[in-house]
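Novice: Chain by chain, the residues:
Number of protein chains: 6
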Amino acid sequence: MKISARNVIDGTVKEIKKGVTTAHVLIDISGATITASITNESVDELGLKTGAKVKAVIKASDVMIAVS
Amino acid sequence: MKISARNVIDGTVKEIKKGVTTAHVLIDISGATITASITNESVDELGLKTGAKVKAVIKASDVMIAVS
Amino acid sequence: MKISARNVIDGTVKEIKKGVTTAHVLIDISGATITASITNESVDELGLKTGAKVKAVIKASDVMIAVS
Amino acid sequence: MKISARNVIDGTVKEIKKGVTTAHVLIDISGATITASITNESVDELGLKTGAKVKAVIKASDVMIAVS
Amino acid sequence: MKISARNVIDGTVKEIKKGVTTAHVLIDISGATITASITNESVDELGLKTGAKVKAVIKASDVMIAVS
Amino acid sequence: MKISARNVIDGTVKEIKKGVTTAHVLIDISGATITASITNESVDELGLKTGAKVKAVIKASDVMIAVS
Numbered sequence: 003m004k005i006s007a008r009n010v011i012d013g014t015v016k017e018i019k020k021g022v023t024t025a026h027v028l029i030d031i032s033g034a035t036i037t038a039s040i041t042n043e044s045v046d047e048l049g050l051k052t053g054a055k056v057k058a059v060i061k062a063s064d065v066m067i068a069v070s
Numbered sequence: 003m004k005i006s007a008r009n010v011i012d013g014t015v016k017e018i019k020k021g022v023t024t025a026h027v028l029i030d031i032s033g034a035t036i037t038a039s040i041t042n043e044s045v046d047e048l049g050l051k052t053g054a055k056v057k058a059v060i061k062a063s064d065v066m067i068a069v070s
Numbered sequence: 003m004k005i006s007a008r009n010v011i012d013g014t015v016k017e018i019k020k021g022v023t024t025a026h027v028l029i030d031i032s033g034a035t036i037t038a039s040i041t042n043e044s045v046d047e048l049g050l051k052t053g054a055k056v057k058a059v060i061k062a063s064d065v066m067i068a069v070s
Numbered sequence: 003m004k005i006s007a008r009n010v011i012d013g014t015v016k017e018i019k020k021g022v023t024t025a026h027v028l029i030d031i032s033g034a035t036i037t038a039s040i041t042n043e044s045v046d047e048l049g050l051k052t053g054a055k056v057k058a059v060i061k062a063s064d065v066m067i068a069v070s
Numbered sequence: 003m004k005i006s007a008r009n010v011i012d013g014t015v016k017e018i019k020k021g022v023t024t025a026h027v028l029i030d031i032s033g034a035t036i037t038a039s040i041t042n043e044s045v046d047e048l049g050l051k052t053g054a055k056v057k058a059v060i061k062a063s064d065v066m067i068a069v070s
Numbered sequence: 003m004k005i006s007a008r009n010v011i012d013g014t015v016k017e018i019k020k021g022v023t024t025a026h027v028l029i030d031i032s033g034a035t036i037t038a039s040i041t042n043e044s045v046d047e048l049g050l051k052t053g054a055k056v057k058a059v060i061k062a063s064d065v066m067i068a069v070s
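Residue numbers (my numbering), protein chains in the order written: chain P, 3 to 70; chain A, 3 to 70; chain V, 3 to 70; chain E, 3 to 70; chain D, 3 to 70; chain X, 3 to 70.
This is chain P alone, in the form it adopts within the complex (with noise of 0.2 Å):
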């Protein structure tokens, strides 16, 4: 499959902390991590587990960027 958003990224799950309805699941992408906030339903769904293999999407709109 492929997708309209500009960033698709190779990572690793490195952690998984599920809340009530909600779960960070936190991604290594080569040394950095990205924190993604999806349903305790989706990780379930997509059997996310720590050390599994997974892609970061992105949309390019929604990456903003700041300097010091």
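Derived from the structure by calculation, the hints contain no laboratory data.
Keep in mind that the hints are not guaranteed to be accurate.
Heads up, the list lumps identical chains together, so a pair's fine if it works in one copy or across two of them.
[Said to hold, decoys possible] Straight-line distance between alpha carbons at most 20 Å, and here's what the computed SDA-like set of lysine to any residue pairs gives:
id: 1; residue 1: Lys4; residue 2: His26
id: 2; residue 1: Lys55; residue 2: Leu28
id: 3; residue 1: Lys55; residue 2: Val22
id: 4; residue 1: Lys55; residue 2: Ser32
Use these hints to put chains A, V, E, D and X onto chain P, whose structure you have.
Specialist: Same frame as chain P, but now just chains A, V, E, D and X:
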């Protein structure tokens, strides 16, 4: 300045592609590339140039996860 | 590929209106029409054409509800 | 009221699943289903019930396209 | 019409800057200014003009908070 | 720190309503109120309290316009 967005990731500007009003800024994040779509106006105001140290700011709820 | 977005809806491309950098793609969803705004670059990479079978991918948190 | 969002689609509430603070509302759009994630508070304020006529409001830039 | 977005704020159009396809609309909110980026098409359909009474509609999850 | 988001608006925290994992923070913007939905974790990290001076950060593309 601190911000409520969960992802504030250090990177380096790799390339800036200016369009008519919108620019695509490619940011190197420890080897991976993240593309941000921001206004040309923002590129100028932030003084972005190839090689500049920046932070990619992304809300956790804007990060989706895909698996093959 | 499976994705964490709650809405992955089957549809057919009805019309593609390319602008300078952004395209509006009208997708027929069992009679209703959903418009997606994506880059011209994505239209080309995905090989989109009128009549193509596609999936509209929308996060549940990006769907608002209005009542009269 | 008219709104700048490109997608204002007529539908019927099919099911409401209330969580602790967030509800998932399933909307029938001429046979297809779109899920909206809104606050329980909004469900109450809008007086949403199964069978209610509603509009799903989605910005075109929040619709991604995927192809197999 | 009532909508599930938490922020529906009364304002007055201060300035409209049309680009090739996208317009920046500056809205005065009791002295503060909020900028909306919408399509030129929406500007025309809504009949927006300087001085027009409008509502800025923003989902609560799209508002970030920063502190110095 | 400067950010690419078009709206960085000065305000004062009016009220903080913590939920299980998400907080609604009401910000006074020269008389108008903007509600932000952020994680409880962010509220703590930013040290938010009633009366605190903050900035509401909103991308221009996340502001819709409605007219009656």
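Novice: First find the shortest C-alpha distance between Lys4 and His26 inside one copy, then the shortest across copies, and answer within, between, both or neither for a cut-off of 20 Å.
Specialist: This pair counts as between: shortest inter-copy Cα distance 18 Å, intra-copy 25 Å.
Novice: At most 20 Å between alpha carbons: which applies to Lys55 and Val22, within, between, both or neither?
Specialist: neither (25 Å within a copy, 30 Å between copies)
Novice: At most 20 Å between CA atoms: does that hold for Lys55 and Ser32 within a copy, between copies, both, or neither?
Specialist: both (12 Å within a copy, 18 Å between copies)
Novice: Should Lys55 paired with Leu28 be assigned to within, between, both, or neither, using CA atoms and 20 Å as the limit?
Specialist: For Lys55 and Leu28, only the intra-copy Cα distance (12 Å) is at most 20 Å; the inter-copy one is 23 Å.
Of the numbered hints given earlier, the model fails hint 3 alone.
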